[in-house]
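Residue numbers (our numbering), protein chains in the order written: chain A, 1 to 127; chain B, 1 to 449; chain C, 1 to 483.
No lab work stands behind these hints, which were simulated from the structure alone. Please note that a few of the clues may not be correct.
[As the list claims (entries may be wrong)] Cut-off 27 Å, straight-line C-alpha distance, at most; resulting in silico cross-link-like pairs (DSS-like, lysine-lysine):
(1) Lys53(A) to Lys230(B)
(2) Lys64(A) to Lys390(C)
(3) Lys390(C) to Lys154(B)
(4) Lys387(C) to Lys64(A)
Please read these numbers as outputs of a predicted model, since none were measured by experiment.
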Amino acid sequence: MSKILDTLRYSKDHEWVRIDGDKAYVGITDHAQDELGEIVFVELPPLGERYQKDEEISSVESVKAASPIINPIEGVVLEANEDLDGSPELINEDCYANHLYVLGSFSQEDYDALMDSSEYASYLASL
Amino acid sequence: MIYPYIPHTDEDRAHMLEALGLSSIDQLFEVVGEDLLLEDSVPIAHRRTEDEVQRMIDSIAQRNIRGIPFLGGGCYDHIIPSTVKALSSLPSFVTAYTPYQAEMSQGLLQAIFEFQSMICEITTMDIANASLYDGAHAVVEAALLMVSAKRGAKKVLVSETIHPFSLKALKTWALGSEYEIILIEEVDGVSDLSSLPLTDDVGGLIVQSPNRYGFIEDYTAIAEQIHEHKALFAISSDPLSLAIQKTPGQWGADIAIGDTQSLGLSLAFGGPTCGYMAVKQPLLRRIPGRLVGMTSDREGRRGFTLTLQAREQHIKRERATSNICSNQALAALMTTIHLSSLGWAGMVEAAQQSYAKAHYLAHHLSQLPGLYVLNAHPFWCEFPIVFTDAKRMRKFLQELRNEGIFAGIRLSALTRRAEDELVLLVAVTEKRSREELELYIAGAQRVMK
Amino acid sequence: MIEPLLIEKTKAGRLAYCYPPLDLPRSFDQEFEHLPSHLTREGSARLPEVSELDVVRHFTRLSTMVHGVDNGMYPLGSCTMKYNPKLSEEIAQMADFTQIHPLQDISTVQGCLSVMYNLLEDLSSITGMVWGSLQPCAGSHGEYTGLKMIRAHFLKTGDDKRTKVLIPVSAHGTNPASAAVNGFDVIEIASNKKGLVDLDDLKSKLNDEVAALMLTNPNTLGLFEEDILEISKAVHEAGALLYYDGANLNAIMGKARPGDMGFDVLHLNLHKTFSTPHGGGGPGSGPVMVNELLVPYLPKPEIDLGESGYLFDWSQEDSIGKVSMFWGNFLVFLRAYVYILRMGTDGLRAASNHAVLNANYLAKKLEPYYEIPYTSGIMHEFVISVKNYKSEYGVTAEDFAKALIDEGYHPPTVYFPLIVEEALMIEPTESESLESLDAFIDAMIRIAKKAKSDPASLKGAPYSTPVGRLDQVKAVKDAKLRY
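Same shape as in the complex, but just chain A (with noise of 0.2 Å):
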């Protein structure tokens, strides 16, 4: 049973969203560090660059699989969390305690478009 908590919002791609004045995090979920395995890479985006949404953004590498991370919503890379250039096993431990970057200056617009928790529990459910 994937762990989804109510507070954040959801890409399709396996992305949550947090909002922190004017910051806004972004990590993989539950279901998708359960789908690499344990994680042995994780590639952060370079900080000050522009993303589009749906902009392939980083990666994230286990032994068996190299998964992409779209970037959820337009925004500036602020920061990249470096405590997982040492632990990216840190993701699995807690993938929403432990984000991959942070943007400043993002589209509300996009943030509003993405799943809530019930939106993105059913588009689970329906994979």
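Assemble the complex: chain A is given as a structure, and chains B and C must be docked to it using the hints.
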């Protein structure tokens, strides 16, 4: 009815069909449908016995003519110790598949690990892959890496002095794509790196040394310039030349590429050869091809395995940065055995003798009228001579041919340009004996004096 | 049994090989210019310093830790691990071939060109295509080349809207990768309940933006695409081209031809179908064959037969150019040619007949013990799913594979194709005798029983190899790729 390499007897077939509840093998092909099923087989010749095949091949082989090859152009006749053929012919190496099942393939994986290590040592780079198809493919993979690594990169700068066939392969890669090859011109036989058009959309620069003429190029301050523009620098080299020449790593390059044919592979009409690629640490996740890594099992025993496979096509599929699957494993094994047999001392010896003998021949040819040896730059193993007159050039080549010598390669054979016909690329390796050199010189003197 | 790295056996001053001394005149030694210091290499490379016997023992021992077709059965699906004839190896070592330089005068290489030209003729007859190129060095290289030709064709006809390639979801990973490297967008085509191409899905995705459909036939489940003629019609009506991945040609040699099925371009794997050895992962060869439409785009130079003999023809204006350094993996062509000469027209047909017979026999005998999701129309390979073993006993496809190693076999292909859960793809090839197949069946039955009675033992397999299951996570996280 017994067919070659098919062990089944009539009895076997009957037994198996019975187990399947069928009366004929044809029933297994019904699904193909009448429209497509061939009544008889395909229209090729009837089968032949081993003896018949050997006779046929012998008569075909006789239509090839061997000579003393002063031929280079990307393929060189170097001395190969007998260990290479003997050990690379061991049946399990020859008939094995890619070592995806690591536990039962330790021998092969370890050999590849040693190959990777030796390539790193020779090029002074950090990581090398398990091989690519050939030198031209390595150049294309370098270009592909450059445009994938930099966001917005659409162009790759390439020197005109790289091997013309590698350049052709690059152009083929760019054909119909969103990428562009920008040619950097040559001046006086070497790359003109004085004003590189390093715009934001340039992924990198690819050069070659020794270049297509055999000249050693000077890359002073080039790496810094390229890195300032956040682009990558790739140098293609004959790996044997790196025993003498400054290495890509030492020039500050990010990528070292080339062909290991000069390390243990016979001429073989150009194939198979073996491409190599080695990169600096930051490019670990961008290097194409297979990688073998060292690890351990549950008992703590050291072992080797294919690793970082998440980059490869069988996992990433359409998001893989390269489509390479098979590489040139057995050829890479030959290079590994060759290098193991020579050691560094042997490599240096072979490189130095090639250097010396090439200079010896060039020196003597330069004394002759009717041609001039281009030697404005230092060269290794190969050098260009230009004839002033096509007829004399033909006589020169014919005279030497009569002595059993293949005197050189017309540059036009590589560039496919008529204006390059009077340029002859002459290659001299450590394998050319004093006798062969004097034979060449004497023949040349007879024609030109 | 750990075999040290050769570098670990180094003893300073040891030599395995000696060069003859440089015998140029003393005077010359002083004369010529040495390389200026700023162009000279700094430092040395760490290579082994060992004796010749050290080298021989090292690689000989390594070879005992490798499993080849010569050692035992290798039922790797989609790889066609058939026997590699010794005659081919002997011929590939003839000095009259190995000592020929690729750029020698054309009059001196007529033997090599004759082999290549005749091979192309035979491959054309076998596939029902018009002509081809031997330049690509591997299957995926052939795919790259074929797709590049398709691209060039549409650019030439001004149809450059065609930027998509359709690929079944069951396809081999090189298919979408090759398409992507050529700048195409990949659109997946679903499989129907029979495991074949879903015709409705295909037709719904065919339009004027599609350049090609890539197919293997039989497909990666070992099933013949019965609707191939209808598929071909639909693809061509939409103005697109049909690409054949020749990896599974071993099922239909002498029985049916891709050219007759409507394929416009294909690649072959000489190291699969035509028995050239796999060499541990290459060198292979991936020739491309085309119909009349695509001939102008073939890589150059082409091989022609003129009045005075064979020659290289560089004149085609529409050629896509070069994909390899020289002319392709010649020694591999030689082996494939020898194989074709040995087998002849009825031998090739027999090879496919027996490859299909062997696979069907195995499937039939294993059915009581293993789930085979798609059983109708099996040709030269088939796919088992052990998902029921996984859910009931926790034993996965990987565990079955490792257990087979202890039985002395190289495991089948695992986790491919992606559309079958916990897949094991088995391709025996025609090389295996009835006894060999029966022994394999017995081993598989033993493992199936053990999966139920003692699953833990399978999870710890293999036990009989120099090392046990390796830490793959450590290999990635702590990547050590050189000594």
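Status of each hint after checking the structure:
| no. | hint | in the structure |
| --- | --- | --- |
| 1 | Lys53(A) to Lys230(B) | holds (25 Å) |
| 2 | Lys64(A) to Lys390(C) | holds (18 Å) |
| 3 | Lys390(C) to Lys154(B) | violated (47 Å) |
| 4 | Lys387(C) to Lys64(A) | holds (18 Å) |
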